[in-house]
Amino acid sequence: MINDLKDYFVFVGRCLAKTIEGDWRYFLWMTALSAVTLLGLNAYCKQFASGLMVTGMSDQVSWGLYIANFTFLVGMAAAAVMLVIPVYVYKDETLHDVVILGELLAVAVIVMCLLFVTADLGRPDRFWHMVPGIGKFNWPISMLSWDVIVLNGYLALNAHICGYLVYMVYCGRKPAKMWYLPFVFIAIFWAISIHTVTAFLYVGLGGRPFWNSAIVAPRFLASAFTAGPGFLILTLQFIRRLTKYQVSDKALMMLRSIVQVSMVINVFLLFCELFKEFYTDSAHVASAKYLFFGLHGHFGLVPWIWTAMALDAAALILLVLPLSKSLKYLDLACVLAIVGIWIEKGMGMVIPAFVPSQLGEIVEYFPTLNEWLICGGIWAFGLLLYTLFLKMTIPVLTGDLRPAGAAPGGPH
Amino acid sequence: MNDEERELDGGSGGMTRAAFLAGAATSAVAATAAALAPLKDVTDLPSLEEFLQQHYKELTPEDKAAILERISKQVEKDYGVRPNLTDQPPIPGVEFGYALNIGRCIGCRKCVYACVKENNQSRDPQLQYIRVLKMRKGSIDVETSDHHYEGQVPEEGFYYMPVQCHQCRKAPCVKACPVKATWQEPDGVVVVDYNWCIGCRYCMAACPYWARRFNFAQPEIPAGELNPDMGYLSNRPRPKGVVEKCTFCLHRTRNGKYPACAEVCPTGSRKFGNLLDPESEVSQIIKNKRVYVLKEEVGTLPRFYYYFDL
Chain A
1 MINDLKDYFV
11 FVGRCLAKTI
21 EGDWRYFLWM
31 TALSAVTLLG
41 LNAYCKQFAS
51 GLMVTGMSDQ
61 VSWGLYIANF
71 TFLVGMAAAA
81 VMLVIPVYVY
91 KDETLHDVVI
101 LGELLAVAVI
111 VMCLLFVTAD
121 LGRPDRFWHM
131 VPGIGKFNWP
141 ISMLSWDVIV
151 LNGYLALNAH
161 ICGYLVYMVY
171 CGRKPAKMWY
181 LPFVFIAIFW
191 AISIHTVTAF
201 LYVGLGGRPF
211 WNSAIVAPRF
221 LASAFTAGPG
231 FLILTLQFIR
241 RLTKYQVSDK
251 ALMMLRSIVQ
261 VSMVINVFLL
271 FCELFKEFYT
281 DSAHVASAKY
291 LFFGLHGHFG
301 LVPWIWTAMA
311 LDAAALILLV
321 LPLSKSLKYL
331 DLACVLAIVG
341 IWIEKGMGMV
351 IPAFVPSQLG
361 EIVEYFPTLN
371 EWLICGGIWA
381 FGLLLYTLFL
391 KMTIPVLTGD
401 LRPAGAAPGG
411 PH
Chain B
1 MNDEERELDG
11 GSGGMTRAAF
21 LAGAATSAVA
31 ATAAALAPLK
41 DVTDLPSLEE
51 FLQQHYKELT
61 PEDKAAILER
71 ISKQVEKDYG
81 VRPNLTDQPP
91 IPGVEFGYAL
101 NIGRCIGCRK
111 CVYACVKENN
121 QSRDPQLQYI
131 RVLKMRKGSI
141 DVETSDHHYE
151 GQVPEEGFYY
161 MPVQCHQCRK
171 APCVKACPVK
181 ATWQEPDGVV
191 VVDYNWCIGC
201 RYCMAACPYW
211 ARRFNFAQPE
221 IPAGELNPDM
231 GYLSNRPRPK
241 GVVEKCTFCL
251 HRTRNGKYPA
261 CAEVCPTGSR
271 KFGNLLDPES
281 EVSQIIKNKR
291 VYVLKEEVGT
301 LPRFYYYFDL
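Residue numbers (the numbering used here), protein chains in the order written: chain A, 1 to 412; chain B, 1 to 310.
Quick caveat, the hints were computed from the structure, so don't treat them as lab data.
Quick caveat, the model's predicted, so the values are computed rather than measured.
Computed cross-link-like contacts, SDA-like style, restricted to lysine to any residue with a CA-CA straight-line distance of at most 20 Å: (1) B:Lys295 with A:Gly207; (2) A:Lys46 with B:Ala31; (3) B:Lys175 with A:Gly206; (4) A:Lys136 with B:Asp63; (5) A:Lys250 with A:Leu234; (6) B:Lys64 with B:Leu48; (7) B:Lys175 with A:Gly204; (8) B:Lys240 with A:Ser58; (9) B:Lys40 with A:Phe48; (10) A:Lys46 with B:Val29; (11) A:Lys18 with B:Ala28; (12) B:Lys295 with A:Leu359; (13) A:Lys136 with B:Val174; (14) A:Lys325 with A:Arg240; (15) A:Lys46 with B:Pro125; (16) B:Lys175 with A:Trp139; (17) A:Lys18 with B:Ala25; (18) A:Lys250 with A:Arg240; (19) A:Lys136 with B:Glu49; (20) A:Lys289 with B:Asp141; (21) B:Lys170 with A:Gly204; (22) A:Lys18 with B:Ala24; (23) A:Lys46 with B:Gln218; (24) B:Lys289 with B:Pro278; (25) A:Lys18 with B:Thr16; (26) B:Lys240 with B:Asp44; (27) B:Lys40 with A:Asn370; (28) A:Lys276 with B:Glu297; (29) A:Lys391 with B:Arg17; (30) B:Lys40 with A:Met53; (31) B:Lys240 with A:Trp128; (32) A:Lys18 with A:Gly405; (33) A:Lys391 with A:Gln237; (34) B:Lys175 with A:Phe127; (35) B:Lys240 with A:Met53; (36) B:Lys170 with A:Asn212; (37) A:Lys18 with A:Tyr8; (38) B:Lys175 with A:Val197.
Throw the hints in and build the complete structure from the sequences for me.
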């Protein structure tokens with residue numbers, strides 16, 4: 001037992017050592033990310049000292065960019081499940097070699113989610129009030145308490161699955177099913193649950209008609225399964241260009257199919273929502289009107305949402321056309337879809353529910369520079385983390401990193 | 001790509017790498033220190049006692065006494081006044097209710113300012129629990145109301161609808177809170193423990209009446225304007241980063257007084273009392289007048305009623 005643990009730590013240590021190897025591009029990338037992370041940290045320290053007054057939020061619009069990013073990223077994390085299902089449920093081996101990279105992405109992204117929630121707290125020093133057992137957890141009543149549980153649980157599940165499987169590859173042993181298969185299947189349901197719970201956070205509020213719609217959870221999942229695999233399509237091409245790790249075109253094309261179908265469903269569900277809002281044309285349409293057309297002379301979100309609509313539409317057209325079988329166009333479609341969904345789910349989903357306020361007042365929300373810096377910092381830190389994970393894992397997967405004394409193996 | 005890596009790994013590259021990494025580590029430490037610099041401006045870090053304080057409902061009477069003493073000392077230090085800080089328990093057999101005569105209110109906002117003064121709300125930035133909506137006669141759509149009206153009141157063709165916490169029986173804010181920092185007292189008042197709130201503002205998103213306020217900055221009250229009669233769950237000074245709200249002035253009402261807003265109202269539009277007592281003024285109003293609640297459709301069952309005379 002002690003020896004096993006020791007071996008595992010040696011493994012982690014050797015993986016970590018890999019993170020200080022690389023060419024100038026790697027160091028430039030990491031330096032740039034670190035610099036942006038530090039800018040974000042600096043902005044957060046300012047916020048910590050002065051309070052949330054340094055943000056654009058107000059009593060009327062009490063959530064902003066942090067919660068918007070959080071919502072988008074929960075989806076990115078959940079999207080790993082789209083790689084897991086074909087491999088483990090349908091025994092389709094096409095994506096087998098990239099599943100682990102999807103799960104690592106989930107780990108990095110969940111960390112980002114937790115950072116965004118923390119950045120949004122007025123009293124981060126009281127985080128322990130949320131720790132079950134020592135704090136006072138309002139479970140199962142509060143949807144936010146569910147979110148804390150499912151996010152941390154998902155982080156633990158994915159960290160375990162990745163840690164175990166990569167270690168087995170390193171040791172050259174066949175992974176024991178009991179140590180990962182049950183977790184993989186739990187993680188499938190868990191992935192769906194993190195985004196459903198995050199949707200319920202909004203859906204459950206009767207006082208916010210814009211959110212109080214049964215379609216939010218399906219919409220969240222559809223957009224997540226577009227943006228997440230879309231991000232992986234881009235990442236995998238970087239990986240195969242910059243490392244020895246083989247990623248087949250077939251895998252990329254399978255991800256394309258996933259992104260394609262999800263995007264179609266996403267746009268359809270969005271259309272359903274818009275039909276309900278605008279055709280009914282009740283008093284409850286105010287938020288949607290503000291978002292798309294402006295309300296009583298206030299147009300703050302209009303440029304955002306039409307940008308998103310244009311990006312979504314362009315991505316949809318590219319994805320359904322055979323054109324996107326060419327990687328160049330597929331990449332373009334993925335970038336458009338990711339940015340479009342980021343806006344649609346963030347600024348387009350979180351903010352309009354606060355405008356007009358519950359008492360009909362219109363106060364607009366414009367994020368401050370400090371807020372953008374904090375967001376940029378968290379994004380950079382997430383990318384930094386993901387790069388480190390890849391840097392640690394890929395030498396193991398390609399067979400370059402083996403236990404001392406063992407013969408270096410080929411690709412597994 | 002990998003050839004380059006191998007080149008860097010081998011031979012003299014090792015030395016360069018070591019030097020490079022050492023340099024990188026040094027600059028990373030320096031840059032991190034610079035990034036953390038704004039923390040030196042932090043003036044309101046909690047003391048260890050404050051940090052470790054348990055949830056209100058877990059406190060023993062001794063804990064509570066110690067906490068009240070600690071807060072009193074802090075107030076004395078900050079404002080130069082020894083406060084009369086208590087934690088008055090709810091009165092058995094009492095459930096507070098509010099009735100507001102929408103036909104009589106003239107929109108003078110005396111209630112708004114009496115409330116700010118009574119409840120030690122921050123003056124800068126200014127924070128108010130009561131919002132008075134100037135509504136066009138013939139409309140009940142809050143979206144067409146004016147929140148920031150000025151000039152002579154009452155104005156012809158308009159009526160005025162003050163809104164504050166409705167102390168809902170099915171309070172969505174209480175459900176939302178992930179740490180039970182806000183709850184409903186036995187007398188119906190929804191309170192916040194300012195020492196337990198984590199500042200996530202989910203309750204603000206949940207409230208259909210826009211009744212909750214957040215301390216985006218350190219609240220500021222001129223020392224001379226502090227109201228020294230304080231309740232732990234109501235008007236003691238709040239720290240930054242927590243949510244607060246109307247408590248029906250429970251430090252007054254649990255001692256048999258009217259809320260400040262009801263007391264100050266020059267038109268007698270504001271009525272307050274015990275819903276469980278059938279003879280109380282509010283009970284009589286609910287029984288005999290034309291009464292409605294705001295946004296009945298959200299189903300939160302407010303204890304705050306609007307009424308009008310014929």
